[in-house]
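Trainee: For the sequence shown, this note's numbering begins at 4 and goes up steadily by one.
Calculated directly from the structure, the hints in this document are not laboratory data. Please note that the accuracy of each hint is not assured.
In silico DMTMM-like pairs for lysine to aspartate or glutamate, Cα to Cα no more than 25 Å straight-line [stated by the list, open to error]:
(1) 138 <-> 148
(2) 152 <-> 172
(3) 201 <-> 260
(4) 123 <-> 137
(5) 111 <-> 91
(6) 287 <-> 228
(7) 217 <-> 206
(8) 109 <-> 148
(9) 182 <-> 172
(10) 104 <-> 172
(11) 138 <-> 105
(12) 189 <-> 129
(13) 238 <-> 214
(14) 212 <-> 230
(15) 201 <-> 158
(16) 109 <-> 129
(17) 138 <-> 172
(18) 259 <-> 228
(19) 189 <-> 148
(20) 287 <-> 236
(21) 268 <-> 228
(22) 115 <-> 126
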Amino acid sequence: MKKLLFLAVCAASLLTACDGKSGAIADVQRSRDSLMAVLSQRDAELDEIMETVNEINRGFQQINEAQGRVTTQVANGEGENMRGQIRENIQFIQTTLQQNKEQIAKLKERLKGSALEGTKLKETIDQLTAQMEEKTQQIEQLQAELAAKDATIAEQGEQITALSSNVNELAAKNEEKAKQVAAQDKQLNTAWFVFGTKSELKEQNILNKKEVLKDGNFNKNYFTEIDIRTQKEIKLYSKSAQLLTNHPSGSYTLEKDSKGQYVLKINNPNTFWSVSRYLVIQVK
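Generate coordinates for the entire structure from the input sequences, incorporating the hints supplied.
Mentor: Structure follows, in structure tokens:
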């Protein structure tokens, strides 16, 4: 009986020892699993943060490229197409800057109280923030320069418009003046002549009681207008011709053509027309 009791006690002790060891192993396993879960979550969170950091850096790279395009476009000149491309690039830069700004703000908020909060990561975010501020200042300066250039172009455009207006006004004045000069020149070099029989001249009140152009009541439409600079011959289609108006002798001749009809040849127009700009010739 004593032996059986001893064996029973030993068996009980052995079983108790085995149960205690199994419980310790289970605790260690649970601790390990919990730690692995924390590390896995930490790694996933770190990967997500680093992807955001990479996106922000890509944004800054795209902004730098767009800045370079704007600089090149400004240097290449000012066409309407070029100005449209500049506006598109500036809009792209502003949009990307805003996206980077929002992502940096989210990173800062995420790191508050996070297990990942540390010196290196904080330094990275501080560097991104400083780069963001520097880039914002650069873009503001670029926009100010473009605005100043647009203002200069607008001012130059107004000056060109005003100059064009002045040129057009001057051209109109010159054209009007030229017309006036041409009209005056034409008036100075215009004369009127008529030839007809005695009865015809009387009928038009050109010849009245043996006086020529006695008053202004004669038919001016019966006369032919000529330019004294170019018309120096007048065919009279008659074998009898007599000048009734006064014209200096020596300034003209009456000559016959091959048919024996008279032709008035004006040898000195200025002298011929100096007394009267009206020429009346009586023919038969």
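Trainee: Taking each numbered hint in turn, which are not upheld by the structure, reported in ascending numerical order?
Mentor: 2, 5, 8, 10, 12, 14, 15, 17, 19
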